[in-house]
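A.B. asks: One-letter residues, chain by chain:
Number of protein chains: 2
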Amino acid sequence: MMQKMMVSLGERSYPITIAAGLFSESASYWPLTAHQSVMVVTNETIAPLYLQPVLAQLSALGINADSVVLPDGEQYKSLSVLDTVFTALLEKPHGRDTTLIALGGGVIGDMTGFAAASYQRGVRFIQMPTTLLSQVDSSVGGKTAVNHPLGKNMIGAFYQPTSVVIDLDCLATLPPRELSSGLAEVIKYGVILDYAFFEWLEENIDALRRLDQKALAYCIRRCCELKAEIVAADEREQGNRALLNLGHTFGHAIEAHMGYGNWLHGEAVAAGMVMAARTAEQLGTFSASLTERLITLLLRAGLPVNGPQQMSAEDYLPHMMRDKKVLSGELRLVLPTDLGKAEVRSGVGHDTVLAAITKC
Amino acid sequence: MMQKMMVSLGERSYPITIAAGLFSESASYWPLTAHQSVMVVTNETIAPLYLQPVLAQLSALGINADSVVLPDGEQYKSLSVLDTVFTALLEKPHGRDTTLIALGGGVIGDMTGFAAASYQRGVRFIQMPTTLLSQVDSSVGGKTAVNHPLGKNMIGAFYQPTSVVIDLDCLATLPPRELSSGLAEVIKYGVILDYAFFEWLEENIDALRRLDQKALAYCIRRCCELKAEIVAADEREQGNRALLNLGHTFGHAIEAHMGYGNWLHGEAVAAGMVMAARTAEQLGTFSASLTERLITLLLRAGLPVNGPQQMSAEDYLPHMMRDKKVLSGELRLVLPTDLGKAEVRSGVGHDTVLAAITKC
Ligand SMILES: NC(=O)c1ccc[n+]([C@@H]2O[C@H](COP(=O)([O-])OP(=O)(O)OC[C@H]3O[C@@H](n4cnc5c(N)ncnc54)[C@H](O)[C@@H]3O)[C@@H](O)[C@H]2O)c1
Ligand SMILES: NC(=O)c1ccc[n+]([C@@H]2O[C@H](COP(=O)([O-])OP(=O)(O)OC[C@H]3O[C@@H](n4cnc5c(N)ncnc54)[C@H](O)[C@@H]3O)[C@@H](O)[C@H]2O)c1
Ligand SMILES: [Zn+2]
Ligand SMILES: [Zn+2]
Chain A
1 MMQKMMVSLG ERSYPITIAA GLFSESASYW PLTAHQSVMV VTNETIAPLY
51 LQPVLAQLSA LGINADSVVL PDGEQYKSLS VLDTVFTALL EKPHGRDTTL
101 IALGGGVIGD MTGFAAASYQ RGVRFIQMPT TLLSQVDSSV GGKTAVNHPL
151 GKNMIGAFYQ PTSVVIDLDC LATLPPRELS SGLAEVIKYG VILDYAFFEW
201 LEENIDALRR LDQKALAYCI RRCCELKAEI VAADEREQGN RALLNLGHTF
251 GHAIEAHMGY GNWLHGEAVA AGMVMAARTA EQLGTFSASL TERLITLLLR
301 AGLPVNGPQQ MSAEDYLPHM MRDKKVLSGE LRLVLPTDLG KAEVRSGVGH
351 DTVLAAITKC
Chain B
361 MMQKMMVSLG ERSYPITIAA GLFSESASYW PLTAHQSVMV VTNETIAPLY
411 LQPVLAQLSA LGINADSVVL PDGEQYKSLS VLDTVFTALL EKPHGRDTTL
461 IALGGGVIGD MTGFAAASYQ RGVRFIQMPT TLLSQVDSSV GGKTAVNHPL
511 GKNMIGAFYQ PTSVVIDLDC LATLPPRELS SGLAEVIKYG VILDYAFFEW
561 LEENIDALRR LDQKALAYCI RRCCELKAEI VAADEREQGN RALLNLGHTF
611 GHAIEAHMGY GNWLHGEAVA AGMVMAARTA EQLGTFSASL TERLITLLLR
661 AGLPVNGPQQ MSAEDYLPHM MRDKKVLSGE LRLVLPTDLG KAEVRSGVGH
711 DTVLAAITKC
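In order, the protein sequence lines correspond to chains A and B.
Residue 7 in our numbering sits at position 7 of the first sequence; the count goes up by one each step and never skips.
Numbers given in our numbering equal positions in the second sequence, counted from 1, plus 360.
Since the hints were made in silico from the structure, they are not lab data.
Fair warning: there could be bad hints in the mix.
Here are the computed distance ranges between Cβ atoms for each label pair [said to hold, decoys possible]:
#1 A:Thr337 / B:Thr447: 55 to 63 Å
#2 A:Ala27 / B:Asp594: 27 to 35 Å
#3 A:Ser24 / B:Leu714: 40 to 48 Å
#4 B:Ser649 / A:Met6: 53 to 61 Å
#5 A:Ala288 / B:Arg596: 51 to 59 Å
#6 A:Pro53 / B:Thr447: 34 to 42 Å
#7 A:Ser80 / B:Lys701: 40 to 48 Å
#8 B:His710 / A:Leu61: 28 to 36 Å
#9 A:Ala60 / B:Leu677: 27 to 35 Å
#10 A:Lys92 / B:Asp594: 22 to 30 Å
#11 A:Met6 / B:Arg596: 18 to 26 Å
Just some of the chain B residues that point at chain A, by a computed CB distance under 8 Å [to be verified]:
#12 Gly662
#13 Pro664
#14 Ala715
Taking lysine to any residue and the SDA-like style, the derived pairs with C-alpha atoms no more than 20 Å apart in a straight line are [claimed, not checked]:
#15 B:Lys452 / A:Glu330
#16 A:Lys92 / A:Arg124
#17 A:Lys92 / B:Lys719
#18 A:Lys92 / B:Met681
#19 B:Lys452 / A:His350
#20 B:Lys719 / B:Ile655
#21 A:Lys92 / B:His679
#22 A:Lys92 / A:Gly151
#23 B:Lys452 / A:Pro149
#24 B:Lys452 / A:Pro308
#25 B:Lys452 / A:Leu226
#26 B:Lys574 / B:Thr533
#27 B:Lys364 / B:Leu714
#28 B:Lys719 / B:His617
#29 B:Lys719 / B:Asp675
#30 A:Lys92 / B:Glu434
#31 A:Lys92 / B:Asn513
#32 A:Lys341 / A:Leu283
#33 B:Lys452 / A:Ala19
#34 A:Lys92 / B:Ala387
#35 A:Lys4 / A:Leu283
#36 A:Lys214 / A:Ala232
#37 B:Lys452 / A:Leu283
#38 A:Lys92 / B:Lys452
#39 A:Lys92 / B:Arg692
#40 A:Lys341 / A:Glu229
Glycine included, every Cβ here is placed at the ideal spot set by N, Cα and C.
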C-alpha cells in the first residue's frame, strides 16, 4: 500500500513516496536513467544496513553509482566533513549532471542537501530518509545545512530535492531512543497545526512505538502532508513556516550547551515545546491544562519534558539570542495558543522566558 | 557623471551604479538604513586603502558596521577561510537580517557572495568591486564560489547581490598587471558578443591602460550591460550564459596546474581565448587572421597569448575534464565563430584540443 503526494513548488515541485520495501524497487530511483552518475552519501552505521540494496538497484538500472561513507553523529555535520563529500565527488570526477542520494537520517539529509546545493553551484539530489525524524520532517521542505561551532544549522541553503523516498522497513533497525526523537516532531505538527491529529496521536502513540505499520504509514503521510502544505505556502520561511520551529529555539540552546549529539534533536525539541508552552502560559495565551496534556503525550512517547539538570535558566539566553529567528537583537518565539494552533511572538521579555524555563 | 542600469531578474533585480567617488557617497549604501547591521568583508591589501571611508559612511548613516579582513590571494578563496567569515558573523552575533558588503576584487566578491548565500541560508549582500575584473565581470550576475584543492570555483551558489556599486577611483591603486587581467574579460565581451565593442577596444585600449576616466566609464558600462543582458536571459547558465566562459576551460587548467595565484585569472583567460580560437581554426569555424587580430589586442592590453612554458599540451586535459561544463565525460567548449560571435561545441576531440594548445 503505497502513499504518494506532491510538494507543490512550481517548477521545483517533487513527489514523496511512502511504503515498505521501497529501497529495493527500481521505481524509487526515478528520475535516474541508465549511464547517469550518482553519489550515495551515507554514514558508517547505515552503510552496512542499507547501502548494498541501494547500490544493487542502481547497478541493475545501469547507473554509475559511487558512495561516500561519513562518520556518524551530529558533531560531524560540519563544513570540514562536507568538504570530504566534495573531495569524493571531484576525485572521480562527477560533473554538473550528477545526482546525490542522501541515505540516512536528518544529519545525512541536511549535509547531502547542502552539498548538492553547493557542488558546482547546484546538482540534483534525492532524499532517502532512514529515521522517523527525517521521514516526517527534515527530508521534506528543502532546508539544508551544516553546523558551526558557534551555532547549529548556521550555514546552509534552501534547496529542494528531486524526490523523497520513504521506506518504512528502515525503522525496524532504528534505536528506540531515535524513534522517540522523531515522535517529538510528529507531536509538534499536532500542536501547531492539527488538533485532530493530536487526538489521533493520543490514541495511537503506543502503536507507533510498537512500529505498527498501518499506524506508521498514516502518521508519516499526515506529517508529510502538513509539512508539504506549509512549505508550498512559504518556501523560504518568511511567514507561517516559522511555526515549524516550535520548541526549537529552546531546543537548540540545549543542544548547543550540552554539546551536539548528547541530547538528541527531538529530545531537545520536546523539552523546548514544554518551555514554549510555559512561556505562553506566562503571557496568558495558553492554559496550564493543555500544557499538562502535551507533557503526558511527550512522556508516553518516551521523551523528556524538562531541560537538562546541568543547565540553569540563564544558560539558555545567549544561545537563544543567536537563533536565526532573532532579528536585530529582538527575541522571537513560536508559542502555542491552543492545541492545534500557534503564533510567532516578537519581543518576548527575557524575564518571561527565564520564568518559563525555571518551571521546566 | 553617474551611470546606472538594472539587472532584470524579476524580484531579484538589482541596480549597478558606476561613477568616481561612490564609496564616499551615502546613496551608495542603499538599501541600508539606520540601526541595521552590516559586515564588511575585505582583505589586508584593500583594508588600508578603502575600509575607513566605507566604515565612515556607514557610521554616518547610523548603521552598525563590523568588518572582517581576510588574507589576500586566490589561495585563500577556500572553504576554511570562508569559515572565518561565518565565525566573525556568529561572534557578534549577526542575525538573518544582516547585510554583507564585499569590498574587494573577484576573490572577495565570490567568497562574500557565497558567505551571504549560505549564512543562515541566505542574507543580503552588496558588491563593491575594486578591481577592473570584478567591476566588469564577477560582481554582476550572481555566480559565487570558493575553490577546492581539486578544482576552481567548485563549491558555490547562484546568488544575486542587492546592489553593485562601482567606484572608478579604486582603479588608481590597482597594480597594472591586475588592470591587464581585467582587460582580458573586457576583450572577451567583444569577442563573444559585440564586434563594434571589439573595434572600440582596438581604438581605446591605450586610453584604458592610462586610466582615462571617460574611456573607463564607457568600457565598464558596456561590459555590465552585456553581462546584465546575458544573465537576465539565462540566470543559471543553462544556455547562452555559458558563452561567458570563452577561454575559461583552458584558463582554469592553467590556473590549477600552475597553482592558484601564480597566473592571474585574466592572464589565464587571455591565453585560453587564443587556445579556443586555435581550436575553432582546427575545426574550420574561425579564421587565422581573426586570431591574429585577437592576439594583437591582447598583447596591447599587456596580456599573455601563450600558455606557460612549463605546461605541455597533455597537462591541460585532466584539468579540463574536471570543468563544470563537462557532461558525462564529454568535453564542451566555448569557441568563437567570428569576432563578436561564439558558440558552445560539444564533443570536441581531444586531438583537436591538443593540436590547438600545441600552437600556443
Ligand atoms: N532540514 C530540516 O528541515 C530539519 C528538520 C529537523 C531536523 N533536522 C536535522 O536533522 C538532524 C537530526 O536527524 P535525525 O534525528 O534523523 O538524526 P541522525 O541523522 O543523526 O540519525 C540518528 C541516528 O540513527 C542512526 N540511523 C539512521 N537511520 C537508521 C536506521 N534505519 N537504523 C539504524 N540506525 C539508523 C544514525 O546513524 C544516527 O546514529 C539534526 O541535525 C537536525 O538539525 C533538519
Ligand atoms: N563570479 C564570477 O562571475 C567571476 C567572474 C570572473 C572571475 N571571477 C573570480 O574572480 C577572481 C579574480 O578576481 P580579481 O582579478 O579581482 O582578483 P583579486 O580579487 O585577487 O584582486 C587582485 C589583487 O588586487 C588587489 N586589489 C583589489 N582591489 C585593489 C585596489 N583597488 N587597489 C589595489 N589593489 C587592489 C587584491 O587585493 C588582489 O591582490 C577569481 O577568483 C575568479 O574565479 C568570478
Ligand atoms: Zn526539528
Ligand atoms: Zn573570468
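A.B. asks: Checking each numbered hint in turn, tell me which of them this model violates, lowest number first.
C.D. replies: Numbers 1, 12, 13, 14, 17, 22, 24, 25, 27, 30, 33, 34, 35, 36, 37, 38 - these are the hints that the structure violates, sorted from lowest upward.
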